[in-house]
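Undergrad: Given next are the chains, with one letter for each unit.
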Amino acid sequence: SQQGEEDPQALSIQEGENATMNCSYKTSINNLQWYRQNSGRGLVHLILIRSNEREKHSGRLRVTLDTSKKSSSLLITASRAADTASYFCATDYGNNRLAFGKGNQVVVIP
Amino acid sequence: DAGVIQSPRHEVTEMGQEVTLRCKPISGHDYLFWYRQTMMRGLELLIYFNNNVPIDDSGMPEDRFSAKMPNASFSTLKIQPSEPRDSAVYFCASSLMAGGADTQYFGPGTRLTVL
Chain A
74 SQQGEEDPQA
84 LSIQEGENAT
94 MNCSYKTSIN
104 NLQWYRQNSG
114 RGLVHLILIR
124 SNEREKHSGR
134 LRVTLDTSKK
144 SSSLLITASR
154 AADTASYFCA
164 TDYGNNRLAF
174 GKGNQVVVIP
Chain B
276 DAGVIQSPRH
286 EVTEMGQEVT
296 LRCKPISGHD
306 YLFWYRQTMM
316 RGLELLIYFN
326 NNVPIDDSGM
336 PEDRFSAKMP
346 NASFSTLKIQ
356 PSEPRDSAVY
366 FCASSLMAGG
376 ADTQYFGPGT
386 RLTVL
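Protein chains in written order, with the working numbering: chain A, 74 to 183; chain B, 276 to 390.
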């Protein structure tokens, strides 16, 4: 499968701690995106990183991309209870579509 | 803009019945995507449209599924006849540019239960 695969699948942390999720993919990509899904809701775009970029920041989010290892990581710093959600990586293989991973469930305990 | 609008939000039907899911994309977005989400298979792309034209329907599971986009502001996904294994959350998403290169905006989803 060419879909991104997040690791770990589930993460439980205390409020204020950092949360890190990883995503691997199998072939070359044009860009990679991360999305968040709160329970019972649609996915919300967080950040897009292009294949020629190595790191990108957005607020408390930091995304890295290592094309040599075909992997990406999403770091959420100083987590809050509101960050409790599922996080998906999605890869663009240049065919006008995104391939989504299975998602990472993150629970932030107040 | 109100975002992507989907209706109904919940649908419970009996096996064999026809189901129609509706989507209104964000105005001005040229791409529209239909996804299905289940615990077992995750988020699967069913079909996408560009300027109202279906481009890739290879993800449509079988002939019981059909999708249309009669104009830029409306799309439907129809299942006829429905089966219990079709139970899932169906999302519609739209984007301004090609789906991989641009942010996709998702609707709230339709939770379909087929009894």
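Check the hints yourself; a few may be wrong.
Covered by chain B, according to a simulated footprint, are these stretches of chain A (three or more residues, beta-carbon under 8 Å) [said to hold, decoys possible]: (1) 84 to 97; (2) 114 to 121; (3) 173 to 181.
These are calculated hints, taken from the structure and not from any lab test.
We put the CB at the ideal spot given by N, CA and C, even for glycine.
Undergrad: Take the hints in turn and mark each one as holding or not.
TA: Outcome of the hint check:
| no. | hint | result |
| --- | --- | --- |
| 1 | 84 to 97 | violated (count 0) |
| 2 | 114 to 121 | holds (count 6) |
| 3 | 173 to 181 | holds (count 4) |
Checked against the numbered hints listed earlier, the structure breaks hint 1 alone; every other hint is satisfied.
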